[in-house]
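Below are the chains, spelled out letter by letter.
Protein chains: 2
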Amino acid sequence: MSSQTQPLTGIDLGVAGDLAAQLRVDSIRASTSAGSGHPTSSMSAADLLAVLVGRHLHYDWDNPRADHNDHLIFSKGHASPLLYSIYKAVGVVSDEELMTGYRRFGSRLEGHPTPVLPWVDVATGSLGQGLPDGVGVALAGRYLDRLPYRVWVLCGDSEMAEGSIWEALDKAGYYQLSNLTAIVDVNRLGQRGPTELEWDIADYKKRAEAFGARVLTIDGHDLSEIDEAFRSVAEDGSGQPTVVLARTIKGRGFSEVEDHAGWHGKPFPPDMAARAIEELGGERHLLVRGPLPADAAPGPAPAMPSAADQAHGAPQTPAPQPPAYSLGEKVATRKAYGDALAALGTDRPEVVALDGEVSNSTHADEFAKAYPGRYFEMFIAEQQMVAAAVGLSARHYVPFASTFAAFFSRAYDFIRMAAISQANIRLSGSHAGVEIGADGPSQMALEDLAMMRAVHGATVLYPSDATSTAALVRAMADRPGISYLRTTRGAYPVLYDSAEAFPVGGSKVLRSGPDDAVTLIGAGVTLHACLAAADRLAGEGIQARVIDLYSVTPIDTETLVTAVAATSGRLVVAEDHYPAGGLGSAVADALLEAGPQPLHLAHLCVRELPGSGSSTELLAAAGLDAEHITAAARELVKA
Amino acid sequence: MSSQTQPLTGIDLGVAGDLAAQLRVDSIRASTSAGSGHPTSSMSAADLLAVLVGRHLHYDWDNPRADHNDHLIFSKGHASPLLYSIYKAVGVVSDEELMTGYRRFGSRLEGHPTPVLPWVDVATGSLGQGLPDGVGVALAGRYLDRLPYRVWVLCGDSEMAEGSIWEALDKAGYYQLSNLTAIVDVNRLGQRGPTELEWDIADYKKRAEAFGARVLTIDGHDLSEIDEAFRSVAEDGSGQPTVVLARTIKGRGFSEVEDHAGWHGKPFPPDMAARAIEELGGERHLLVRGPLPADAAPGPAPAMPSAADQAHGAPQTPAPQPPAYSLGEKVATRKAYGDALAALGTDRPEVVALDGEVSNSTHADEFAKAYPGRYFEMFIAEQQMVAAAVGLSARHYVPFASTFAAFFSRAYDFIRMAAISQANIRLSGSHAGVEIGADGPSQMALEDLAMMRAVHGATVLYPSDATSTAALVRAMADRPGISYLRTTRGAYPVLYDSAEAFPVGGSKVLRSGPDDAVTLIGAGVTLHACLAAADRLAGEGIQARVIDLYSVTPIDTETLVTAVAATSGRLVVAEDHYPAGGLGSAVADALLEAGPQPLHLAHLCVRELPGSGSSTELLAAAGLDAEHITAAARELVKA
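In order, the protein sequences belong to chains A and B. Here the first sequence is numbered in the working numbering, starting from 1 and rising by one per residue. Here the second sequence is numbered in the working numbering, starting from 1 and rising by one per residue.
Pulled out of the complex, with its shape left as it was, chain A reads as follows (with noise of 0.2 Å):
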């Protein structure tokens, strides 16, 4: 068939059943041409993707940045055939490029979809996590934008095994998101075999409603049952998310493959590609495009869920100011971090924040009590926490997300792909290292340093003053890609004017002098007792030189090498965090890519499985007290 060169608007279910054949042929060419990706998979869901992009996905192909535009995920990031195809189909993507680029070096047209397209909100691929994101899609129409447009997800049946599918399915259901609508491709197989349901649809049904969601169940290959359901989501009046339970026939449409395990994840070889292609009809050309969003100004703002507000009320504070610490007083720099988020919301109504049920720890209630509106209590799913940052970060806010340090580890799969999907969204974390005491290694970060510095493009901050805090808490906001801020428990002496500044990349030398012998490194907790130690070394004769490295990732070499000449290559690493992979390792790294120089590194660090007890005994036990630090310090210096 030739092709068309004005796109069919309106389209019937037989069109839309055309256009359904020309997506799996598409698929099957796509992913044949490259040697690798997921026919079988693009083909069980055609049928559903043709009805709702032709009929019911409101959607300006031609401003994918709209603000009115409905959105479409692909939690089944595998699916990239179909997507592609479809973009294909709207005359977005042309046939050329989705026959040379799938999948190839340099193409935007991925294995698993990424936002280097402009059409795709997030990237996927690691599954589970195309619903949470779409949640926080969800949220920003609902509660931020407050405009009618619709977040549509493509599920696949293996990955609702994955438990972020449950934490989403359970916040949209209590954050009312009826914008939402999952779809599940019930195709029965997964990758080695038969998923753990296979074809039960009544028990996914269970699940799903038990969590809160309006249930539609299809028959995926059936068209007016398609477009019936896609129908009803914009009818409905339940105020709930809707999942729609298709089930459907993997490799659907070629006899030779379908419902055949076997064939996940593997391209038709030309001669069986052909055959298919036969099966389907040939190959089609169709230009489609469904409605246009409409025009709509923003609608009231609806109320929070009672049990998520009840904690702060409507906002009786007056808007919160930019904090300043007098210096010595004792601040905890999670308080600096609440103080700062709350006064970054008032001067900036995109800022949001979010908190896995901790905020009255992490200090984000501040925020939560001053700007209610803005603030999403996820309770205990850090999962779903961080995906929703990065579903309202696609939509251009300037999410920030709390937790205690340790649980972002929960989240890490999430913060990996967020890297990915091109969010900006920042974390922070607070109860840092054996620092907290009492409560023991199940609540001390020890490994977020490492975790944080190993992801792409991520800028990793961990200040000791409050001041400092503030400062670098109004930089996140500004700063493009993943940042993350390590808050400490205890309060301790302000060591910064307000007036100081605190760029991300920096650092603060606090003590130096011309015959500086050693250089004492610390950031967050340990730079207290840095400078407490350098006043012990200097009781005893030994002038040190004190860097407060708050910027660990980017950091400061500059200052590092400087120090290194200028105290014959002894420097000491006092930190709060298991050996591998925290300062320690980010000032070797930095020093050995800045070129040969004489260094003499003592790395105090937690090197053994710490217990409870207080702060004091903890870090003394660890070898992080300004007794530990002078002893170290005074051996290189003798050495």
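Everything labelled a hint here was simulated from the structure, so no lab data went into it. A couple of the hints might just be wrong.
What the hints assert, rightly or not - Here are the simulated PhoX-like pairs of lysine-lysine, each with C-alpha atoms no more than 25 Å apart in a straight line:
(1) K266(B) with K369(A)
(2) K205(A) with K206(B)
(3) K205(A) with K205(B)
(4) K369(B) with K206(A)
(5) K330(A) with K266(A)
Claimed, not checked - Quick list of simulated restraints, FRET-style, between CB atoms:
(6) A301(B) with G35(A): 52 to 58 Å
(7) S326(B) with G35(A): 49 to 55 Å
(8) P493(A) with G595(B): 32 to 38 Å
(9) A296(A) with P302(B): 56 to 62 Å
Idealized CB from N, CA, C, for every residue including glycine.
Chain A is already provided as a structure; the job is to place chain B on it using the hints.
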């Protein structure tokens, strides 16, 4: 009241009521004495635990590791005052230890339970983990030990928001773990305020039933209802796990705080504690023991559920033997993992395997086919997979769990906690780095070495050929703690004869000579590029030493130091990983710890966000091919 010397056994509900009051009083006393802890969260569950421990938990307190013992796991680990008060009530911890040890430095009565106590199977305190761990213990009980012991898990209501809880209930239902009982203490209040579902027991019930549990709803302060619920567990023939939803009151027993927000995680000041103890009838020192476990021979092995079993069926192959590979033969290290694991299954009946629905990619399916009764398909639920491994380790099995290396990031909190649990688990991550090619960044582990190196006591291995992989898999079986093996998707030449030894902590010097001018360090796929680069360099008259750093942690510092001395400090480290925390950092950390040396380090790694492409294209684009390694070495030598 005075102390008994002989424990009461076969106690009635009247004594159980006294015991519950004692547990409340002791929870208050312990936390007030420590100035820290969670009395109110203990008080809500005291009636539940008094009846359980006094009348239903079959446990020989004098032989905590007896095979027939029931297992008691506090998934709400912050209720440690209650757990430790139980230990006092059964006479294994003295009142003095409870009052002077709780949360103190050096004490075994840590803020959250850890296995430094012989009655604790797994560390808890990161919520939503105790129940998944309990699933692992129950899997061992039903399928491996085949003993009638029961696993009782006390859950908090706040943690029901964690997706991992639903992964656990899903797998408990799927694997018919009728030996598992989750007791949910629905006390309505979380840390910062009301929980998401508050006292909506009906909603919890719908969810738990939908996930396959038999659900009982009770008043958690009515001793008869509690007793009847626990009694029914022993009599139930449904083959389902049981969830007991107990409506409770936080702070129950002390009218000043009952059901009051604002008392989470706060000990009572001494005056309040005195009033509370008075209201509860004063101090008691009952000594109580519940029933002992019955001796029983292991039962017959039950069949695995169908979808899990379908992929392999009954063992059909001859018992797998240790693999041997020919030099130069191209074999993927992931294939060697499967070969070696299956062979290990032949030698070692305690070896078990788990996989996250990708066993045909990780090659764990070789084990599954040979030993289906010792293989647990976890579908796409990586958190539960790691937790099940921890639970199996608590029962002294030797679990190997596999998935794509990238997806272990999903379970990082569980891996971190596994270290605190002193679990011995082995993780195998396949498809590492840009080497995987067309699937794109969502499937590429590029942070995994950093993540795993940061885990306390972890062993991190990254072999480059099949022979060394097989040897290291064998070594992992005997390795305590957390071991991680990184395998590669593509097939590369076998480098080593099967007689070669690969000690953990070792390395291999593959090229060396008296004129070495530079050292090339690789592991996994980059080692092959280092060897090719050495050939190219030799063609240019530059002799290069080549080190296979298959043991990333622990690392062979001696060989590195020797190479530094031999090649004037010129090192090229090439790794298919992001810059921070991986092979380059491991080398840097080791050399800086070894003392001052001249170091001219070129660190080749993945610095940009990759896309799709072939392995060759992506490795070249990241600067990890022979050409880039050659150029980096040449530059070091000429500098």
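Okay, the hints, checked on the actual structure:
1. K266(B) with K369(A): 22 Å, holds
2. K205(A) with K206(B): Judged against 25 Å, a Cα distance of about 12 Å means the pair holds.
3. K205(A) with K205(B): 15 Å, holds
4. K369(B) with K206(A): Roughly 33 Å separates the two Cα atoms, so the pair is violated.
5. K330(A) with K266(A): 61 Å, violated
6. A301(B) with G35(A): 52 to 58 Å: 43 Å, violated
7. S326(B) with G35(A): 49 to 55 Å: 28 Å, violated
8. P493(A) with G595(B): 32 to 38 Å: The hinted range 32 to 38 Å holds for P493(A) and G595(B), with Cβ atoms some 35 Å apart.
9. A296(A) with P302(B): 56 to 62 Å: 58 Å, holds
In summary, the structure is inconsistent with hints 4, 5, 6 and 7 from the numbered list given earlier, while agreeing with the others.
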